[in-house]
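Visitor: Residue-level listing of the chains:
There are 4 protein chains.
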Amino acid sequence: MSKVNKVVLAYSGGLDTSVILKWLQDEYQCEVVTYTADLGQGEELEPARAKAKAAGVKEIFIDDVREEFVRDFVFPMFRANTVYEGEYLLGTSIARPLIAKRLIEVARDTNADAISHGATGKGNDQVRFELGAYALNPNIQIIAPWREWDLLSREKLMAYAEKHGIPVDMKHKQGGSPYSMDANLLHISYEGRHLENPAAEAEDSMWRWSVSPEKAPDAAEYLDIEYVNGDPVSLNGQPMKAHDLLAHLNKIGGKHGVGRLDLVENRYVGMKSRGCYETPGGTILLKAHRAIESITLDREVAHLKDDLMPRYASMIYNGYWWSPERLALQTLIDHTQKTVNGWVRVKLYKGNVIVTGRDSKTNSLFDPNIATFEDDKGAYDQKDAGGFIKLNALRMRIAANLRDKK
Amino acid sequence: MSKVNKVVLAYSGGLDTSVILKWLQDEYQCEVVTYTADLGQGEELEPARAKAKAAGVKEIFIDDVREEFVRDFVFPMFRANTVYEGEYLLGTSIARPLIAKRLIEVARDTNADAISHGATGKGNDQVRFELGAYALNPNIQIIAPWREWDLLSREKLMAYAEKHGIPVDMKHKQGGSPYSMDANLLHISYEGRHLENPAAEAEDSMWRWSVSPEKAPDAAEYLDIEYVNGDPVSLNGQPMKAHDLLAHLNKIGGKHGVGRLDLVENRYVGMKSRGCYETPGGTILLKAHRAIESITLDREVAHLKDDLMPRYASMIYNGYWWSPERLALQTLIDHTQKTVNGWVRVKLYKGNVIVTGRDSKTNSLFDPNIATFEDDKGAYDQKDAGGFIKLNALRMRIAANLRDKK
Amino acid sequence: MSKVNKVVLAYSGGLDTSVILKWLQDEYQCEVVTYTADLGQGEELEPARAKAKAAGVKEIFIDDVREEFVRDFVFPMFRANTVYEGEYLLGTSIARPLIAKRLIEVARDTNADAISHGATGKGNDQVRFELGAYALNPNIQIIAPWREWDLLSREKLMAYAEKHGIPVDMKHKQGGSPYSMDANLLHISYEGRHLENPAAEAEDSMWRWSVSPEKAPDAAEYLDIEYVNGDPVSLNGQPMKAHDLLAHLNKIGGKHGVGRLDLVENRYVGMKSRGCYETPGGTILLKAHRAIESITLDREVAHLKDDLMPRYASMIYNGYWWSPERLALQTLIDHTQKTVNGWVRVKLYKGNVIVTGRDSKTNSLFDPNIATFEDDKGAYDQKDAGGFIKLNALRMRIAANLRDKK
Amino acid sequence: MSKVNKVVLAYSGGLDTSVILKWLQDEYQCEVVTYTADLGQGEELEPARAKAKAAGVKEIFIDDVREEFVRDFVFPMFRANTVYEGEYLLGTSIARPLIAKRLIEVARDTNADAISHGATGKGNDQVRFELGAYALNPNIQIIAPWREWDLLSREKLMAYAEKHGIPVDMKHKQGGSPYSMDANLLHISYEGRHLENPAAEAEDSMWRWSVSPEKAPDAAEYLDIEYVNGDPVSLNGQPMKAHDLLAHLNKIGGKHGVGRLDLVENRYVGMKSRGCYETPGGTILLKAHRAIESITLDREVAHLKDDLMPRYASMIYNGYWWSPERLALQTLIDHTQKTVNGWVRVKLYKGNVIVTGRDSKTNSLFDPNIATFEDDKGAYDQKDAGGFIKLNALRMRIAANLRDKK
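Protein chains in written order, with the numbering used here: chain A, 1453 to 1858; chain B, 1453 to 1858; chain C, 1453 to 1858; chain D, 1453 to 1858.
Any given hint could turn out to be false.
Said to hold, decoys possible - Here are the computed distance ranges between Cβ atoms for each label pair:
| no. | chain 1 | residue 1 | chain 2 | residue 2 | range |
| --- | --- | --- | --- | --- | --- |
| 1 | B | K1813 | A | T1783 | 24 to 34 Å |
| 2 | B | M1633 | A | T1783 | 35 to 45 Å |
| 3 | D | S1454 | A | K1615 | 31 to 41 Å |
| 4 | B | G1689 | A | E1519 | 31 to 41 Å |
As the list claims (entries may be wrong) - Using 30 Å as the maximum straight-line C-alpha spacing, the simulated BS3-like pairs for lysine-lysine come out as follows:
| no. | chain 1 | residue 1 | chain 2 | residue 2 |
| --- | --- | --- | --- | --- |
| 5 | C | K1739 | C | K1829 |
| 6 | A | K1474 | A | K1455 |
| 7 | D | K1829 | A | K1858 |
| 8 | C | K1693 | A | K1458 |
| 9 | A | K1455 | B | K1458 |
| 10 | D | K1623 | D | K1510 |
| 11 | A | K1813 | A | K1790 |
| 12 | B | K1703 | B | K1693 |
| 13 | D | K1739 | D | K1703 |
| 14 | B | K1458 | A | K1835 |
| 15 | A | K1608 | C | K1835 |
| 16 | B | K1835 | D | K1458 |
| 17 | B | K1790 | A | K1455 |
| 18 | A | K1455 | C | K1829 |
| 19 | C | K1505 | C | K1667 |
| 20 | C | K1625 | D | K1835 |
| 21 | D | K1703 | C | K1799 |
| 22 | C | K1739 | D | K1799 |
| 23 | D | K1857 | A | K1813 |
| 24 | B | K1790 | D | K1790 |
| 25 | C | K1707 | D | K1667 |
| 26 | C | K1693 | C | K1625 |
| 27 | D | K1623 | C | K1829 |
| 28 | B | K1608 | A | K1739 |
| 29 | D | K1857 | B | K1829 |
| 30 | D | K1857 | A | K1608 |
| 31 | B | K1474 | D | K1835 |
| 32 | A | K1707 | B | K1799 |
Rather than coming from a laboratory, the hints here were simulated on the basis of the structure. Heads up, the beta-carbon is just placed ideally off N, CA and C, and yes, glycines get one too.
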């Protein structure tokens, strides 16, 4: 255990990070600075201030980073149609690098020599926090209490809290949430406990952001989304800031039962894990972005992006947002989005996101004169296809001739 | 125009291929053999026999290839979670190589020196037919009337039919279908005419295989699908042949409004094209296959498959099923499926396919003892994560130190 | 054959393009503009002017594009360590898009409606010229005489020349070169005729730019190459323009027997073809660029580049320099080169290019304190490796446990 | 430190592993089994037996695994034309998984509960040994003394040796080798100490297996290599076992100064490291294998292999030989080699490996009738190229038209 003078703690105000706050003060005999980010998780943050103050913290940072989060992290990721392992929209993964950045900035501004977080030693989040932190400040010290202490069960944690006078609310006294949860403007996630049997269906009472498709309205709702340079900029003609737009989509999507996901994913630390996610707005945007790209992106550019997407998704999932390889890929992705302008119409109905139209006044590569099944007045010479096929077949014909000779 | 003695025509019995039949007889002065495949398209095939006979055809082949189609083409493709451009399930693409193979076999058996098909010079299907045919018989002659004749508009085609006494049914007289359609056990597709404006929503009357989510039953339905070596083998405990299983899923899926798709895709011949598809069974199987893989496939194997999938999808879309590169990739894909055994439960409800559970008695790599958020009794040492992160961060720390020095 | 008023011909002044000039005037009854590029092929270009004038050409363009060629085409390609099929340095491929661009520009400036070139219908160059031209001017007409006329044998061509008073030099009268050749500042290539048996060794008399290793000097020569942003900027401390630097390297490399290549490659049009190449300067630069990257590029960035290189090489080989996908990849590649600064020392000796040293004052990521096999005073904690290995092994251990249980 | 009863040590008989032997006996109070593999490193192994016996070891295993090494590890790797980071032929990497496998087998046969090795905590070899061991026996204990003890400098190690009566030979007393070396039939490597400055040229006295190009014979030597299913099976018509063939090539290659390499590589543990390698036989085989593939492999299959090669190389470099993803890729690679039959002629001269001819009686896809620059009597219709180019250009023309409209 190396000497630490001041540590910046990623602090939610909840039980775990409150225990960590106290534990850091005691074990490291150091000053603790708290950092709390408003990522749109939908919780009051002022109670965190009060609790930190009560714990003797002198420097308390509470940040509204919602616009930065959506504009500089979520939207750039969505430009690549990013999903991890075919399904997961990376709601938790994409928030961590922003928190890592802010922790490092606060450490710099407060002359702290360490940062700390409440992520466990089994999960991906510790990796995301710490890779991000090291990439931004290679000499920062990082304290990850869950990898150091002996409070590995919930009982021990609560005993510690009670012994040290840390307030434990009713929920925890009654056994705590049956899930480990994380929320921000992009999603809310559920893991652990009741979900640890992947054969069993998740309880309907678990879901918080969306109604079930069964309980969604009987009337469908249409939405027009406008894109500029690959990013959504307005809803139904209403220009919006990035975080407002996503918040709106969450509300509308959640109302229509859109965006629930139940899957088993492969963690970077080597194990499989079952997770449930609600990503109403993100689910709509993923569909819509593919739709606007479908008419504005060149085929080979689109295929190049598709080929690289899983790798890009893994970079984000594994915590390499601040790595040089992610930045290099982002350069390519962003370059491709210059032509991604236009609008998409989607229909939301009981869990479905249905694309019903898409167009681009400035960048549509869809040419009805060529695509038509009717007479095209010579825009396309069907005879060309003969040569096209012949040359593409040539190598296979040579091989077949050789095979037949034998 | 080279000399042809006998040609095998891919014959549906419809207007287009009936005109082609006559045209081949007249233009090439050659004998025509008709080949009609039952791919589960859901049409009576005996009328095709009668029409061919009436047109003077002596060798008429009508084949039930439904089991071969699903077992040897659809299921192998599904082992890779194959979708083209993020969305299209390749229903038409995957049927063409089977037809190409059968045409070549019939040509061999009937001593024909040519084959012919009714695909236009603007589409992908001509490429798929012909690349397949050349790969299997490099010296076959191929006659693609749409690239040769001058009957490019529907009016000219009908005039030709009437002039030559080819029966034109009422549908065509009234302007024909507003869509160009193709169907087989995997899907039914709609292209052209009314769909040529990608900004406009498809008419609800177009869809044939599925009800709209709005008209689907109010009660959800659960399905258990069992997998052996990556292929589905039973539904709700009932073992089924491949094509029966897919037919069942189509029926159930269609009933619940599952599997509609409306998209703009990039054709191999270079243009964008709007297509609508109904793939009820395929949509269920795609979801379910990912789910069974999620617990039975190693992470890096799964990622390798994900990285290669778009390329594999393009091979199929572009018509390279019989190419050596597709066969090489298939070898890898099939190898990975040995452990993909177990069951998946899905819930169908108004257009949604929701995975609610998955398990594998023999091959589950999900280890609850390690994944648990609770105390794991030492199955996993959280301290290991510290070294894992440190070494993964090392290169970024060295770079950051260099940057900071400057 | 559509109506053409004026055509810009890529004109070398040699027999083939002189015949084409005449043939275009006769067949198309159109005015011909000649365009001749100095790419450093090492031939007098003024004779081309005289010949064009003699043939009645009124608009004659002769261009020194050497600097543009090396700076904007060769060097950007070398930033990716580009080789096609593991060996070919793309000397011919990379010159074609520049010529295509100039032809289109000259067509615009002279109000020509067509361009023409002397590439045959079997090779890659026709594709490279025409894809480039279409990408830059989608409505340009392209005349490719080799695909149209009946002068397919050398004898017919010479007969045509003699009949039309086109001067045929002694070389051609005696049977012509035993090879089809192409040269520019990057390489000289040999194909065809004597090389059409890939089992037979190329004759030593064929090679023009380099001595054989056997005839190279007995004394080695060292060279220091300095890189800025991934491009070489000086030799032995002497700053040079791009094309001067490459010309110098060609001379020195050729003297030391560096850069000969004898291979069978896969053409885009579907056949295999045997080619011999001399690329003295390029061979040195390929080695040197990898060496400077080895100390200045992050590992994952380098691997990303390596993974994408074959695809990028195919784009260039196949003629897609002006495509959006090449431009997108180039954006990524160029982005990575910002840190590629420093110097490399190579030793040239009888065909060998041996890297003997490399360093970067500003961007070296090589940290001797960490890499040392000696005691590093704690710069690296060897214990970290234990956790790193444990977590990387976890998924395989879980799988092995499952396997052992069975 | 967990309880260990018996440990299998990878034992070379050298100073380091002799110290480890003693240290294991003392620290773990356990029985030590020694395992020594003859990988063709060219050292007497019987002294290792004597030393082990003297140290009180009762179970001593000395294995000739040369044939298995080359046949089952080196040749499968070479089927993929494998090089790491464009240059390194993976000589050390490919031997580790075999040793890991044998350690696990000996542990099973001797009822040992642990294995141990002498690799340091900074290098790749620890990872390769341990990932291999864990994949084959997930519950094995692994003791890596370099990560545990405090003998991190050479001085401390020698002091320990002298204190415990471990014989230290003259070489070590005089400061030891200036390099850390590793040898087997594929290569000999040099790292560390004198090489830790990547700007400085390696001393010529370092190299052991090859003469310098300067000192190589003045006369070139030709070699015919025959391939069956992608593996070399005979030299100059002489059939040979795998390890004999590689040994022969090492001798001939070394004589001609072939196979030296001096590079900076990126270790899996995160740092850059300078290494020098001699791989005479491997360098010849890499060139020759590409040459035989150039005429026997389909273009797209070859490109698929090229695209995947860097990933496959990283798997081996990083120690994932026994991983499911390497096995999956190997399946694909091996499948492609069925047609790789024929011979290659190479010329060796002062460091150069020059391919001068290649042919395959059974599998050559090189068709001189099609490739010829002369009249091909219609084997290939040049007009086909027009359509081929037109359709490949279509998407770019549509985009250019759109661009021009603006």
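Visitor: Each of the hints needs a verdict: does it hold here or not?
Guide: Hints, verified against the model:
no. : hint                          : result
1   : B:K1813 / A:T1783: 24 to 34 Å : violated, 47 Å
2   : B:M1633 / A:T1783: 35 to 45 Å : holds, 43 Å
3   : D:S1454 / A:K1615: 31 to 41 Å : holds, 32 Å
4   : B:G1689 / A:E1519: 31 to 41 Å : violated, 52 Å
5   : C:K1739 / C:K1829             : violated, 35 Å
6   : A:K1474 / A:K1455             : holds, 17 Å
7   : D:K1829 / A:K1858             : holds, 24 Å
8   : C:K1693 / A:K1458             : violated, 54 Å
9   : A:K1455 / B:K1458             : violated, 90 Å
10  : D:K1623 / D:K1510             : holds, 28 Å
11  : A:K1813 / A:K1790             : holds, 14 Å
12  : B:K1703 / B:K1693             : holds, 16 Å
13  : D:K1739 / D:K1703             : holds, 17 Å
14  : B:K1458 / A:K1835             : holds, 23 Å
15  : A:K1608 / C:K1835             : holds, 29 Å
16  : B:K1835 / D:K1458             : holds, 26 Å
17  : B:K1790 / A:K1455             : violated, 52 Å
18  : A:K1455 / C:K1829             : holds, 18 Å
19  : C:K1505 / C:K1667             : violated, 43 Å
20  : C:K1625 / D:K1835             : holds, 29 Å
21  : D:K1703 / C:K1799             : holds, 24 Å
22  : C:K1739 / D:K1799             : holds, 22 Å
23  : D:K1857 / A:K1813             : holds, 12 Å
24  : B:K1790 / D:K1790             : holds, 23 Å
25  : C:K1707 / D:K1667             : holds, 20 Å
26  : C:K1693 / C:K1625             : violated, 41 Å
27  : D:K1623 / C:K1829             : holds, 26 Å
28  : B:K1608 / A:K1739             : violated, 41 Å
29  : D:K1857 / B:K1829             : violated, 69 Å
30  : D:K1857 / A:K1608             : violated, 70 Å
31  : B:K1474 / D:K1835             : holds, 29 Å
32  : A:K1707 / B:K1799             : holds, 20 Å
Of the hints listed earlier, those the structure fails to meet are numbers 1, 4, 5, 8, 9, 17, 19, 26, 28, 29, 30, in rising order.
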